[in-house]
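Now for the letters of each chain:
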Amino acid sequence: MIVVIKIGGAAGINQNLTGLANDLKSLVDAGNQILLIHGGSAEVDALGERLGVPMRYITSPSGVRSRYTDSATMEVFIMAMAGRVNTELVRQLQVVGVKAVGITAISGGMFYGERKTAIRSVEGSKVKLIRDDLSATLTSVDTALVEHLLAGGYLPVVCPLVLAQGGEVCNIDADRAAAALATALRADQLILLSNVPGLLEDVSNPSSLIRCIRVGEAESYEEIASAGMKKKLAAAVAAVRSGVKRAVIADGRVEAPATRAIRSEGTVVTP
Amino acid sequence: MIVVIKIGGAAGINQNLTGLANDLKSLVDAGNQILLIHGGSAEVDALGERLGVPMRYITSPSGVRSRYTDSATMEVFIMAMAGRVNTELVRQLQVVGVKAVGITAISGGMFYGERKTAIRSVEGSKVKLIRDDLSATLTSVDTALVEHLLAGGYLPVVCPLVLAQGGEVCNIDADRAAAALATALRADQLILLSNVPGLLEDVSNPSSLIRCIRVGEAESYEEIASAGMKKKLAAAVAAVRSGVKRAVIADGRVEAPATRAIRSEGTVVTP
Amino acid sequence: MLCSCPECAGKWKVGSLEKGEIVVCPECGVELEVTSVEPLSLELAPEEEEDWGE
Amino acid sequence: MLCSCPECAGKWKVGSLEKGEIVVCPECGVELEVTSVEPLSLELAPEEEEDWGE
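Top to bottom, those sequences are chains A, B, C and D. So for the first sequence, my numbering puts the first residue at 34; every next one is plus one. So for the second sequence, my numbering puts the first residue at 34; every next one is plus one. So for the third sequence, my numbering puts the first residue at -12; every next one is plus one. So for the fourth sequence, my numbering puts the first residue at -12; every next one is plus one.
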């Protein structure tokens, strides 16, 4: 089974990396082909603060919150994500005996994208156009490199960067990147691990987990989803609509998080 | 032909990355298998300064100068080298059409090493023992991953990190790492590009290039070599003594630097 | 500030504007981008792109 | 400061020492590491390792 697993950068998960590494080891030993793709928002924010590069966020008119990535922020993003987070994940996996290979998604031309030359940002009562944002919409996914690595028995650890048409390295939403990679790889499952048990009916009540959503009804759950969860839901739906058998939004802080997600412990999105 | 090329992190070279990328493209197109390994001292120093992490150097009793890499410095090292420098090199290569894959040498268990628990550092009239330095001596080189990538038609771009016995990510001298990788790969040539034309008889006279050195006579050139050049010379000699057909210390700032080095423009070290 | 719509030549007044701000022409309803404030210049705002971003 | 060599029990005086400093016993010539200053403690210094480092 090919499983694409995305782990968020939120603080909660960083304490559980050893648990995750051991979990992935058992999945690999059981003959699964695993690809790990990671976010890193907490690390990016922390480094930005240390470097005096203010982290600013854009909220689009439709309520989606994303990082405003000018070139100074992109530099922080690359150092924190491609440097620190990716290397630490590879270290953790190698220490437990997994042959991990840390790459960014510009390697081997995996992700090409189109840089959004104008992004709308709601600021108070005004709507402004941001023109120097280095985020991109994915236009092509080439899985040749990760397939070559998987065939060699390696576990790719992917940092989601995109090479844009002008040769710039751009930022991309890690959930969306995971969905695109799972789709292109015709993965059996997409697992989105974060610091919540899944989509909750009531965000303050961890046991109000919504266990199963069919893609057709996903939209009706949008109102109860936070900005971050909206992105996960949209990514899960996009993957399942494009052929991934199922997507699971699950808790990355628990023991054996990936295995439990594969066993449907979380919000399962199905066709 | 398999060629291992090491580029230093010195400022001079950073202005010539596009030239180097085009050069490597022509070498790959001509059917050579190229592996690029990089330093990044200028970037590490710059980031350390921005983060307020003082860059300190150790000079050993025998005059070798190396970076004092405590955990705070190691963090800077990983973010600057594995993050910024590695990603920029991959970007430059992909933009000119080379299928580059940026990895650190802890991926796939390429470099394992032993952390030096006590390093001697000359400080004024005293010799001190440094116990928290995260640099390591290489104990094993596994080329399976880079061979797998080369066989897939990719150009590995390697950031020299080492996984030590305690699971720590350690620093290693990039020249030494290049020599070890060239040896393990049974490379035809090791090219060490830096911001000087090669070993100079008189360091202030660029045309006093020493064109050829046989390994047996290398020691006699030690006195005229700067600390940095001493390391290059030692790396070149180590590689040639271990079977690499030749090593060339050459100028990374010129046009088509790798091709010119392969054609012996620089200091050629032979058996 | 007196605004003039590049699409329908409609005129209208506003208190203050910022570079990059989007304003809607009250006459033809088109979305305009404030491309400069001194002197004031308005241009047709680009289509809204998908706003996925990390 | 009065030093006492853990190898040959030799005694000698020095002005000041720093933690981590290497001192040579003037009697038996062995290299010692200052592992603590208050109280003073000297231990056999580890062998010199190859000093390759970035």
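Bear in mind the hints are in silico, worked out from the structure with no lab data behind them. Hints should not be assumed to be uniformly reliable.
As the list claims (entries may be wrong) - Facing chain B, according to a computed beta carbon distance under 8 Å, are these residues of chain A, among others:
{"no.": "1", "residue": "116"}
{"no.": "2", "residue": "120"}
{"no.": "3", "residue": "196"}
{"no.": "4", "residue": "198"}
{"no.": "5", "residue": "218"}
Said to hold, decoys possible - The list that follows gives simulated cross-link-like pairs (lysine to any residue, SDA-like), each with its CA atoms no further than 20 Å apart:
{"no.": "6", "chain 1": "B", "residue 1": "278", "chain 2": "D", "residue 2": "6"}
{"no.": "7", "chain 1": "A", "residue 1": "161", "chain 2": "C", "residue 2": "-7"}
{"no.": "8", "chain 1": "D", "residue 1": "0", "chain 2": "B", "residue 2": "245"}
{"no.": "9", "chain 1": "D", "residue 1": "6", "chain 2": "B", "residue 2": "90"}
{"no.": "10", "chain 1": "A", "residue 1": "58", "chain 2": "C", "residue 2": "-6"}
{"no.": "11", "chain 1": "C", "residue 1": "6", "chain 2": "C", "residue 2": "26"}
{"no.": "12", "chain 1": "B", "residue 1": "278", "chain 2": "D", "residue 2": "0"}
{"no.": "13", "chain 1": "A", "residue 1": "161", "chain 2": "C", "residue 2": "-12"}
{"no.": "14", "chain 1": "B", "residue 1": "278", "chain 2": "B", "residue 2": "256"}
{"no.": "15", "chain 1": "C", "residue 1": "6", "chain 2": "A", "residue 2": "101"}
{"no.": "16", "chain 1": "A", "residue 1": "159", "chain 2": "C", "residue 2": "7"}
{"no.": "17", "chain 1": "B", "residue 1": "132", "chain 2": "A", "residue 2": "164"}
{"no.": "18", "chain 1": "B", "residue 1": "161", "chain 2": "D", "residue 2": "16"}
{"no.": "19", "chain 1": "A", "residue 1": "58", "chain 2": "A", "residue 2": "173"}
{"no.": "20", "chain 1": "A", "residue 1": "278", "chain 2": "A", "residue 2": "64"}
{"no.": "21", "chain 1": "A", "residue 1": "263", "chain 2": "A", "residue 2": "239"}
{"no.": "22", "chain 1": "A", "residue 1": "132", "chain 2": "B", "residue 2": "233"}
{"no.": "23", "chain 1": "D", "residue 1": "6", "chain 2": "B", "residue 2": "258"}
{"no.": "24", "chain 1": "B", "residue 1": "132", "chain 2": "A", "residue 2": "34"}
{"no.": "25", "chain 1": "C", "residue 1": "6", "chain 2": "A", "residue 2": "132"}
{"no.": "26", "chain 1": "A", "residue 1": "132", "chain 2": "A", "residue 2": "34"}
{"no.": "27", "chain 1": "A", "residue 1": "132", "chain 2": "B", "residue 2": "278"}
Think of the CB as a built atom: it goes at the ideal place given N, C-alpha and C, for glycine as much as any other residue.
We went through each hint and held it up to the structure:
1. Given hint, residue 116 of chain A at the interface with chain B, holds; its Cβ is 3 Å from that chain's nearest Cβ, closer than 8 Å.
2. Taken as an interface hint, residue 120 of chain A checks out: its beta carbon lies about 5 Å from the nearest beta carbon of chain B, inside 8 Å.
3. Contact between residue 196 of chain A and chain B, as hinted, is supported at the beta carbon level, the nearest pair being about 6 Å apart and thus within 8 Å.
4. Look at residue 198 of chain A: its Cβ only gets to about 11 Å from chain B, farther than 8 Å, so that hint breaks.
5. Look at residue 218 of chain A: its Cβ only gets to about 16 Å from chain B, farther than 8 Å, so that hint breaks.
6. For the given pair, residue 278 of chain B sits about 47 Å from residue 6 of chain D by alpha-carbon distance, which is inconsistent with the 20 Å threshold.
7. With a C-alpha separation of about 19 Å, the suggested pair residue 161 of chain A and residue -7 of chain C falls inside the 20 Å cut-off, and the hint holds.
8. Under the criterion of a C-alpha separation no larger than 20 Å, the hint pairing residue 0 of chain D with residue 245 of chain B is inconsistent with the structure, at around 53 Å.
9. Straight-line distance between C-alpha atoms of residue 6 of chain D and residue 90 of chain B comes to about 18 Å, which keeps the hinted pair within the 20 Å bound.
10. With a C-alpha separation of about 61 Å, the suggested pair residue 58 of chain A and residue -6 of chain C falls outside the 20 Å cut-off, and the hint is violated.
11. About 11 Å separates the Cα atoms of residue 6 of chain C and residue 26 of chain C, which keeps this hinted pair within 20 Å; it holds.
12. Distance restraint check for residue 278 of chain B and residue 0 of chain D: the Cα-Cα separation of roughly 56 Å exceeds the 20 Å cut-off, and the hinted pair is therefore not satisfied.
13. As the CA atoms of residue 161 of chain A and residue -12 of chain C are separated by approximately 18 Å, the hinted pair is consistent with the 20 Å bound.
14. For the suggested pair residue 278 of chain B and residue 256 of chain B, the alpha carbons sit about 25 Å apart, so the restraint of at most 20 Å is broken.
15. Restraint check: the Cα-Cα separation between residue 6 of chain C and residue 101 of chain A comes to about 17 Å, which is no more than 20 Å; the hinted pair holds.
16. Our distance criterion of 20 Å between C-alpha atoms is met by residue 159 of chain A and residue 7 of chain C, whose separation comes to about 10 Å.
17. Straight-line distance between C-alpha atoms of residue 132 of chain B and residue 164 of chain A comes to about 30 Å, which puts the hinted pair past the 20 Å bound.
18. The straight-line distance between the Cα atoms of residue 161 of chain B and residue 16 of chain D is roughly 17 Å, inside the 20 Å bound, and the hint therefore holds.
19. For the proposed pair residue 58 of chain A and residue 173 of chain A, the alpha carbon gap of about 30 Å is over 20 Å, so the pair is violated.
20. Annotation: proposed proximity of residue 278 of chain A to residue 64 of chain A holds, straight-line Cα distance about 19 Å (limit 20 Å).
21. With a CA separation close to 17 Å, the supplied pair residue 263 of chain A and residue 239 of chain A stays within the 20 Å bound.
22. Taking the CA atoms of residue 132 of chain A and residue 233 of chain B, the gap is near 43 Å; set against the 20 Å cutoff, the hint is violated.
23. For the hint pairing residue 6 of chain D with residue 258 of chain B, the CA-to-CA distance comes to about 33 Å; that exceeds 20 Å, so the pair is violated.
24. For the hint linking residue 132 of chain B to residue 34 of chain A, the alpha-carbon distance of about 27 Å lies beyond 20 Å, and the restraint is violated.
25. Only pairs whose Cα atoms come within 20 Å are accepted, and residue 6 of chain C paired with residue 132 of chain A is rejected, the gap being roughly 51 Å.
26. A hinted pair counts as satisfied when its Cα atoms are at most 20 Å apart, and residue 132 of chain A with residue 34 of chain A qualifies at roughly 18 Å.
27. Restraint check for residue 132 of chain A and residue 278 of chain B: the C-alpha separation of about 31 Å exceeds 20 Å, so the hint is violated.
Checked against the numbered hints listed earlier, the structure breaks hints 4, 5, 6, 8, 10, 12, 14, 17, 19, 22, 23, 24, 25, 27; every other hint is satisfied.
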